[in-house]
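Chemist: Protein chains in written order, with our numbering: chain A, 14 to 271; chain B, 32 to 97.
Hints should not be assumed to be uniformly reliable.
Which residues of chain B face chain A? A few of them, derived with a C-beta cut under 10 Å, are [as the list claims (entries may be wrong)]:
1. Leu56
2. Thr57
3. Ala64
4. Thr80
Derived from the structure by calculation, the hints contain no laboratory data. Think of the CB as a built atom: it goes at the ideal place given N, C-alpha and C, for glycine as much as any other residue.
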Amino acid sequence: MNDTDDALVLGGEKFASRLIMGTGGAPSLDVLDRALGASGTELTTVAMRRLDPAVQGSVLDVLRRRGIKVLPNTAGCYTAGEAVLTARLAREALETNWVKLEVIADERTLLPDPIETFDAAERLVADGFVVLPYIGDDPALARRLEQAGCAAVMPLGAPIGSGLGIRNPHSIELIVEAASVPVILDAGLGTASDAALAMELGCDAVLLATAVTRAQRPELMAAAMRSAVEAGRSARLAGRIPRRRYAEASSPSLPRFA
Amino acid sequence: MKVTINGDAGELPEGATVAHAVQSLTAMTSGVAVAVNDVVVSRGAWESTSLSENDRVEVLTAVQGG
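Bound-form chain A, shown alone (with noise of 0.2 Å):
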């Protein structure tokens, strides 16, 4: 894209990629650290665990070597109380104040908590936090947590890990339409088409791990990311042609035959 003016601004800090990654999923920090450099991001999510002294390695020095902005997520959290405790945590290990707040529902679905989510958002606003909610595809609810301070909004695609993409459209583009912070579409995405997609409904930015972490080349396919990314951005900024539902000619229509 030309217009290089065209960052996506997040929590008062300025990204040349609307692309933000999570780490889950790779098959090792090898395969990671080379597809997240093919899908030029510059905001990776963790998660927090119990330290394991066993492991070698850590996702944090892949993404210092490659000057990503680490961005802690609470999955694993089903309450407020953990999700407000797992980010405090998270701001004390990694001296960020920025947290991706997810709240699950159940195990099942991985569907996020709206309830919780709330409440949680609400503390840590006050708290001094950078909030990035994950959510279902609600406009109200999206329009709530802007309200309670929030700095984006992240409404999912589709179930976290199911590859469906975007199961409803409609609902994304009624969000996009009410925000005036960023809307990040999370979770969901199986291939470039959906994340162009994304995209091109108005989202700010799109989130993901699996789509990449786990297809057969995963370095590929970001680099496959990066660019969907970057088409429906333009594309959205473009202007597309109005549906139709005939035909309207191309070509002049002056007679071919004198």
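Dock chain B against the given chain A, drawing on the hints supplied.
Modeler: Okay, now just chain B, sitting in the frame of chain A:
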């Protein structure tokens, strides 16, 4: 003194601090955070925060996820 560190029952000498509990797991000090009984203990307070019998110590770090 019995304390629980990351879910495992452990034994630390009387007067042990949060710093001792962390050292029992790892030599790392950066990229690590500690909660005692669900309250965060900031790194600057590890040496000065004494543990008590039956405290639950959680030592967390960042892993691949999300």
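Chemist: Evaluate each hint against the coordinates.
Modeler: Hint check results:
no.: 1; hint: Leu56; in the structure: 5 Å, holds
no.: 2; hint: Thr57; in the structure: 5 Å, holds
no.: 3; hint: Ala64; in the structure: 4 Å, holds
no.: 4; hint: Thr80; in the structure: 13 Å, violated
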